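*Asks:* One letter stands for each residue in the lines below.
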Amino acid sequence: MRQPLHGLGYNTAMTSTAAPPSTSPALAVDLAGLCLANPMMTASGTCGYGYEYAELMDLSRLGAFVTKSVTREARKGNEAYRIVETRGGMLNAIGLANVGLEVFLAEKLPQLRKLRAAGPKIIVNVAGHSVDDYVSSCARIASEPDVDAIELNVSCPNVKDGLTFGTDPALLRTVVAQVRGAMDAKVKLIVKLSPNVADITLTARAAVEGGANILSMINTYTAMAVDIHKRRPRLANNTGGLSGPAIRPLAVHLVHRVYRAVARDAGVPIIGMGGIQYWQDAVEFLLAGASGLAVGTALFVDPATPIKVAQGLEQYLAKQGCKSIREVIGTLKLHGE
Amino acid sequence: MNATPAASSSPTKPTPSERRRFDVRVESNEPICREHFRLRMRVERSSGVFPATRPGQFIQLGCRQPDVAADMEALLGAEREWSPGEPLKLTQPELCGPLALLRRPFSLSGRGDDKDGTWLEIIHRVVGVGTDWLSRLRPGDAADLIGPLGNWFELPAGKKRGLLVGGGVGLPPMFYLTEAMKRAGWDAVGFVGALTSDLLAVKRVAGVDPATDGKPARCVEEFARHGFSAVVTTDDGSLGLPGRITLGVERFLAGLGDEQRRETVVYVCGPHVMMHAVAQLAAKAGVDSQACLEQAMACGMGTCQSCVVKIEDRQRPQATTADGTPWRFRLACTDGPVFDGRVVVW
Ligand SMILES: Cc1cc2nc3c(=O)[nH]c(=O)nc-3n(C[C@H](O)[C@H](O)[C@H](O)COP(=O)(O)OP(=O)(O)OC[C@H]3O[C@@H](n4cnc5c(N)ncnc54)[C@H](O)[C@@H]3O)c2cc1C
Ligand SMILES: Cc1cc2nc3c(=O)[nH]c(=O)nc-3n(C[C@H](O)[C@H](O)[C@H](O)COP(=O)(O)O)c2cc1C
Ligand code: FES
Chain A
14 MRQPLHGLGY NTAMTSTAAP PSTSPALAVD LAGLCLANPM MTASGTCGYG YEYAELMDLS
74 RLGAFVTKSV TREARKGNEA YRIVETRGGM LNAIGLANVG LEVFLAEKLP QLRKLRAAGP
134 KIIVNVAGHS VDDYVSSCAR IASEPDVDAI ELNVSCPNVK DGLTFGTDPA LLRTVVAQVR
194 GAMDAKVKLI VKLSPNVADI TLTARAAVEG GANILSMINT YTAMAVDIHK RRPRLANNTG
254 GLSGPAIRPL AVHLVHRVYR AVARDAGVPI IGMGGIQYWQ DAVEFLLAGA SGLAVGTALF
314 VDPATPIKVA QGLEQYLAKQ GCKSIREVIG TLKLHGE
Chain B
390 MNATPAASSS PTKPTPSERR RFDVRVESNE PICREHFRLR MRVERSSGVF PATRPGQFIQ
450 LGCRQPDVAA DMEALLGAER EWSPGEPLKL TQPELCGPLA LLRRPFSLSG RGDDKDGTWL
510 EIIHRVVGVG TDWLSRLRPG DAADLIGPLG NWFELPAGKK RGLLVGGGVG LPPMFYLTEA
570 MKRAGWDAVG FVGALTSDLL AVKRVAGVDP ATDGKPARCV EEFARHGFSA VVTTDDGSLG
630 LPGRITLGVE RFLAGLGDEQ RRETVVYVCG PHVMMHAVAQ LAAKAGVDSQ ACLEQAMACG
690 MGTCQSCVVK IEDRQRPQAT TADGTPWRFR LACTDGPVFD GRVVVW
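Read top to bottom, the protein sequences are chains A and B.
One rule links them: number in the working numbering = place in the first sequence (from 1) + 13.
One rule links them: number in the working numbering = place in the second sequence (from 1) + 389.
To be clear, the hints were calculated from the coordinates, so they are not data collected in a lab.
Accuracy of the hints is not assured; some may be wrong.
Stated by the list, open to error - Below are the DSBU-like pairs computed for lysine-lysine, each with C-alpha atoms no more than 35 Å apart in a straight line: (1) B:LYS504 with B:LYS699; (2) B:LYS571 with B:LYS592; (3) B:LYS549 with A:LYS127; (4) A:LYS89 with B:LYS699; (5) A:LYS199 with A:LYS127; (6) A:LYS346 with A:LYS332; (7) A:LYS121 with B:LYS571; (8) B:LYS549 with B:LYS504; (9) B:LYS504 with B:LYS604; (10) B:LYS549 with B:LYS699; (11) A:LYS243 with B:LYS571; (12) A:LYS243 with B:LYS673; (13) A:LYS199 with A:LYS336; (14) A:LYS243 with A:LYS332; (15) B:LYS592 with B:LYS549; (16) B:LYS549 with B:LYS571; (17) B:LYS549 with B:LYS673; (18) A:LYS89 with B:LYS571.
Note that the coordinates shown come from a computational prediction; the quantities given were computed from them, not determined experimentally.
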């Protein structure tokens, strides 16, 4: 029943009994030249480097795989407690714990190459703490074969120096422009926006002006949960990033705003994320203007979520009489329009 | 099975074991004592064969109605036929069902295979929204889990006696471990502790009272069933030896000769401070220990990096403690939950 792919434990027939071999052509999307078999991706930091979920979901049926943030040096991350569940969501303060660039290239990327051969595009998420840091990491990763895109994490709320790039439009424009300039032109640049700003259209515009090919949104909301008995924050880091179903309406709103104010006219596609758990959630993002979709927190509940969402989307499109998902993207009509 | 064994100071990453998502059906869910339930689940045949498991391994159990919103036919139908005034139930997944979003980790307290397939057993204590939902499950109800997860307790060659120390919800894996002890021909002694007698999640053997001086007796059914004795402690003295579980362990270790100590392994699971104290007692007595660390988890599968514990690591340290011990964060879910008690930085 289980077919190892290239001997690595990526199973091509894993999720359920009667799963079709690949997703319907109606689901294919083209994100500024990044062509995906379907819009479904993993959200950075929720799916490791690939192999962790290999037995629980058929990774080859993803549109793209997005890695955990990689930094130039390995990071051990924050003290425990690093997570706490809140109503309809969770707070995390992992602190970008990751293996570092060298180990990533030597040990993780080769596995992702094998996965890429089975279909999904490979997107490497990169974090840093200086312009130089971002530029050197991205240039290095983009020079590797089989990396389709780099996602810039300029918005991690859980490290002391992570947020300024994501909240200061001028700084963001600079880092995006320098990274774009240093990268192989074939590799797409995705900029991941932080919701922790007063006006997200300003950072979105700055990213586009800097040369972002694609925007992804949103990262987590800075938040706090309190242990009322100890009168202390429940996370060792005091604050964490809120994700999961609780943030979906906030995320849909921001995607819609950026789509209308910046992305649509600039022709820059949006990867929408924030609380996607069921296909209905995904449709909301598509209507609001997202062409790609990433699933994060819901993977912890069921790693096969992206595949189930894709199946739901297929049926939704059929019921709506749509031949392509493009007929849905950005078609939300506001009251009064 | 191919996760790393207990003494996890080796830097190798475990390859994924046979973990998968399984649908299960509740066979029974009996209250054992105040706040504690024994939940037995039958793995649905449609989910396939449940892989081999060993004591110390755990499952990630969904603590909410499985897949309420994923039923596509029902949902699309509901959307088409919905009219104002009707409840929105199925089109609004987040508005139906209980609140627990993430799965909850539980150690296996037992597992069996018979002509009807596999049953799995856990013992859970009601402490919040997820376990409250579990406590309401009735025979025939559906649930779903991901497993088996984590590494397991080892029975090292050359040893033949296990001290099975379980405090509070640390007891369940010890029950499962008794079976392995029996099969391996080991001798085992259970150490069972709680704040007070009605929080002791064990079956008492009729007519055999736990000793008040800490001498092992065949007083706990889960151990006596395999011919093993147990020491019961309660903080308030309402049953057995008055005091902490560590007192019982300390007394027992003091009664062992050098040779006996070399043949003994202490297995411990429970609150962090208790495991720390027991591991220290074992180390002082020159006895090996294995601790099952129950760190808070989101995924349970090695992706989220939430369940870190500090483990002594001289080869690849990430930092050093104030007293000079080099350590590295390891994941309780995939590198553990069982670690050599001597290398845990408590
Ligand atoms: C590997 C492992 C094995 C476990 N085995 C068992 C078991 O056999 N039986 C059992 O009853 N419980 C076990 N637990 C603990 C169990 O997972 C928690 O009690 C459960 O997650 C609480 O869920 P809840 O929704 O009811 O409570 P929540 O509302 O989530 O939390 C209620 C309280 O429980 C505490 N809590 C939450 N998560 C944990 C945790 N992981 N460990 C300890 N305390 C926690 C919280 O701090 C809070 O005070 C195990 C935990 C781990 C990591
Ligand atoms: C445990 C955890 C770790 C995360 N780590 C990263 C990360 O390393 N880099 C990043 O860009 N985003 C990270 N994120 C944010 C997610 O990629 C995503 O933007 C966010 O969680 C919203 O999606 P969701 O609600 O589907 O989880 C993390 C989220 C979680 C829950
Ligand atoms: S619980 Fe997610 S890595 Fe351990």
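*Asks:* Each of the hints needs a verdict: does it hold here or not?
*Replies:* Each hint, compared with the structure:
1. B:LYS504 with B:LYS699: violated, 43 Å
2. B:LYS571 with B:LYS592: holds, 19 Å
3. B:LYS549 with A:LYS127: violated, 46 Å
4. A:LYS89 with B:LYS699: Roughly 11 Å separates the two Cα atoms, so the pair holds.
5. A:LYS199 with A:LYS127: holds, 20 Å
6. A:LYS346 with A:LYS332: holds, 19 Å
7. A:LYS121 with B:LYS571: violated, 42 Å
8. B:LYS549 with B:LYS504: holds, 33 Å
9. B:LYS504 with B:LYS604: violated, 40 Å
10. B:LYS549 with B:LYS699: holds, 29 Å
11. A:LYS243 with B:LYS571: violated, 43 Å
12. A:LYS243 with B:LYS673: Answer holds: A:LYS243 to B:LYS673 is near 33 Å, not above 35 Å.
13. A:LYS199 with A:LYS336: It holds: about 29 Å lies between the C-alpha atoms, which stays within 35 Å.
14. A:LYS243 with A:LYS332: violated, 53 Å
15. B:LYS592 with B:LYS549: holds, 26 Å
16. B:LYS549 with B:LYS571: holds, 11 Å
17. B:LYS549 with B:LYS673: Within the cut-off at roughly 20 Å; holds.
18. A:LYS89 with B:LYS571: violated, 41 Å
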